[in-house]
Amino acid sequence: MHALYISLISEFYKSRKTLAFWAAILLPVIICGLISFGFYSDAEKIIANHYPPMILWAHYSGAALGVMGFLIMPFYVIFMAFSVNNIEHKNDTWKMLFAQPLNKFSIYAAKYLYAVLLIFICLFLFATLTYAFGHLLQALVPKFNFNQYNPLNILVNSYAKLFLSSLGILSLQFILSLLWSDFLKPMGIGFVGTIMGIITANVGWKYAYLIPYSLPALSLKLTRIKKGGDPLDFPVFTQEIWISLIYAVILFIIGYFIVTKKSIK
Amino acid sequence: MGNYAIETVGLNFNFGNQAIVKDLSLQVPKGSIYGFLGPNGAGKTTTIKILLNLLKSPSDQVFIFGKEINSNRIATLKRIGALVEQPAIYGHLTGKENLVNRCILLGIKKSKADEMLSLVGLAEAANKKANKYSLGMKQRLGIAQALISDPELLLLDEPTNGLDPNGIIEVRNLMIDLATKHQKTILVSSHLLAEIERTATHVGIINKGQLLFQGTINELHLLSKPVLEIEVDKIESASSLLTKSGYEIMAKTDRIITIPFTSSQKSGELNTLLIQNGFTVSSLYQQRKDLENLFLDITKTN
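If you read the protein sequences in the order shown, they are chains A and B. When we follow the UniProt record's numbering, the leftmost residue of the first sequence carries the number 1, and every step to the right adds one. When we follow the UniProt record's numbering, the leftmost residue of the second sequence carries the number 1, and every step to the right adds one.
If you are wondering where the hints come from, they were derived from the structure by calculation, not from laboratory data. There may be inaccurate statements among the hints.
What the hints assert, rightly or not - Per label pair, the in silico range of CB-to-CB distance:
(1) B:L222 / A:L179: 28 to 38 angstroms
(2) B:D114 / A:N202: 51 to 61 angstroms
(3) A:M1 / B:G66: 25 to 35 angstroms
(4) B:K67 / A:L152: 37 to 47 angstroms
We put the CB at the ideal spot given by N, CA and C, even for glycine.
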């Protein structure tokens with residue numbers, strides 16, 4: 001346990017000056033900032049639509065969630081899986097890492113957990129900033145009716161789903177990035193997978209849920225359909241989430257066996 | 001077994017079908033500086049990686065401080081500091097941050113980082129990014145990383161690679177210091193015998209994965225037999241005379257005949273023989289084959 005902890009601290013220490021780490025913070029700040037700016041500058045037009053407060057929140061948060069779920073999230077996950085492994089490939093430091101008196105599982109698990117943590121931070125900031133900027137918009141433009149509805153539950157549930165549904169992709173990409181030191185192979189496979197995921201999720205292919213890349217989109221799709229009814233009444237742990245978690249666990253274990261067998265040439 | 005820091009017993013290692021290390025039995029005594037010599041591609045780095053458990057050895061073939069490596073991986077690695085091939089350095093971190101990261105992983109005080117930087121003469125470059133370091137500076141940082149945990153056993157793979165003459169001397173002195181004053185055991189690999197000769201107490205020579213020689217540096221010296229070089233005119237007839245008189249000719253150029261040296265008296269008799277037969281001997285001297293050539297011979301014959 002101690003080995004896992006120090007490995008995790010070391011992961012943070014190594015990456016704190018890299019783009020991979022800052023992306024987790026900058027991405028939500030920039031996207032939420034842009035959407036809020038859009039709402040601010042188009043305030044008159046939006047207010048003229050006379051949305052009920054819940055629908056206003058849905059439009060506002062949906063702007064970020066939609067982009068995230070379909071496009072940015074899978075690529076962000078692919079990039080994270082790549083960058084935590086690439087830091088060792090690029091510097092040729094795998095041999096040093098595995099020559100430390102730490103068990104191999106801790107080193108591997110710490111890397112994986114760190115990637116999970118970065119994704120969590122990113123999505124947590126998305127939810128928090130959506131909420132905070134919504135209220136900021138309300139303060140700047142008092143004619144909005146953001147203050148008449150509390151979106152916290154729906155935000156937390158949606159982002160929790162997005163987070164859990166992306167773990168399958170993470171584990172898969174993690175293995176690819178562990179095996180290959182170059183950027184193109186994991187990126188290329190991830191790109192093709194993501195496109196496939198988007199298409200299969202959109203056309204509603206009945207086995208789409210078996211492709212890890214389509215799970216974030218699928219999980220959000222269900223969220224949206226149910227918004228017509230009681231928006232708080234959607235379960236977090238749906239089929240997609242379970243599939244994603246199953247993928248994540250199985251691939252995480254396979255990854256560990258790859259690490260133990262990996263010869264450091 | 002108790003006296004060896006490293007002992008391998010008939011170690012074999014293959015990459016696929018290709019045998020990299022064959023029946024290797026290293027014996028590195030505690031407190032020694034063991035020069036691990038061999039040409040490029042002889043299996044030195046592979047052996048060092050096996051000693052670090054980066055490459056998995058068959059069980060009961062590798063013992064570090066008497067303990068089998070596969071079943072005592074973590075306990076063993078705690079006692080080893082290593083520099084393998086190129087130093088493993090994060091280019092986007094400064095020299096100091098690289099060492100601090102190592103302190104985090106080893107659970108030791110971060111103040112050790114500064115101490116190590118001054119030891120290897122990088123104190124001034126401590127806050128410079130490591131990818132801006134010269135090859136020699138990287139090598140020093142790699143040595144600092146190997147030393148930071150104050151290990152009992154150091155594995156240094158070509159540590160003077162890329163260093164200038166001053167740097168080479170510093171590393172050499174540092175190794176002697178560590179072994180004599182701090183009782184460390186050092187295994188240092190090199191493809192240059194001259195470098196090992198000045199520091200090592202023990203030598204192992206490896207070629208094509210096989211250990212060709214192992215022993216103290218003095219035992220290695222004993223292997224190099226002295227020869228007699230004779231500079232003489234009319235070289236062809238001189239050599240046929242010598243052959244007829246029962247001397248063994250080892251080598252012959254257009255000026256010099258080389259035969260094994262036996263004693264000064266024999267050399268004098270040979271000189272007399274040549275002169276009495278009308279040859280002009282311009283010089284006649286005893287030559288000890290230097291270790292470099294010996295090393296080449298040892299690795300060539302196999």
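Results of checking the hints against the structure:
Checked against the hint of 28 to 38 angstroms, the pair L222 (chain B) and L179 (chain A) fails, with Cβ atoms roughly 51 angstroms apart. Taking the beta carbon of each, D114 (chain B) and N202 (chain A) are about 58 angstroms apart, inside 51 to 61 angstroms as hinted. In this structure, M1 (chain A) and G66 (chain B) meet the distance hint of 25 to 35 angstroms, their C-beta atoms being roughly 29 angstroms apart. With their beta carbons about 57 angstroms apart, K67 (chain B) and L152 (chain A) fall outside the hinted range of 37 to 47 angstroms.
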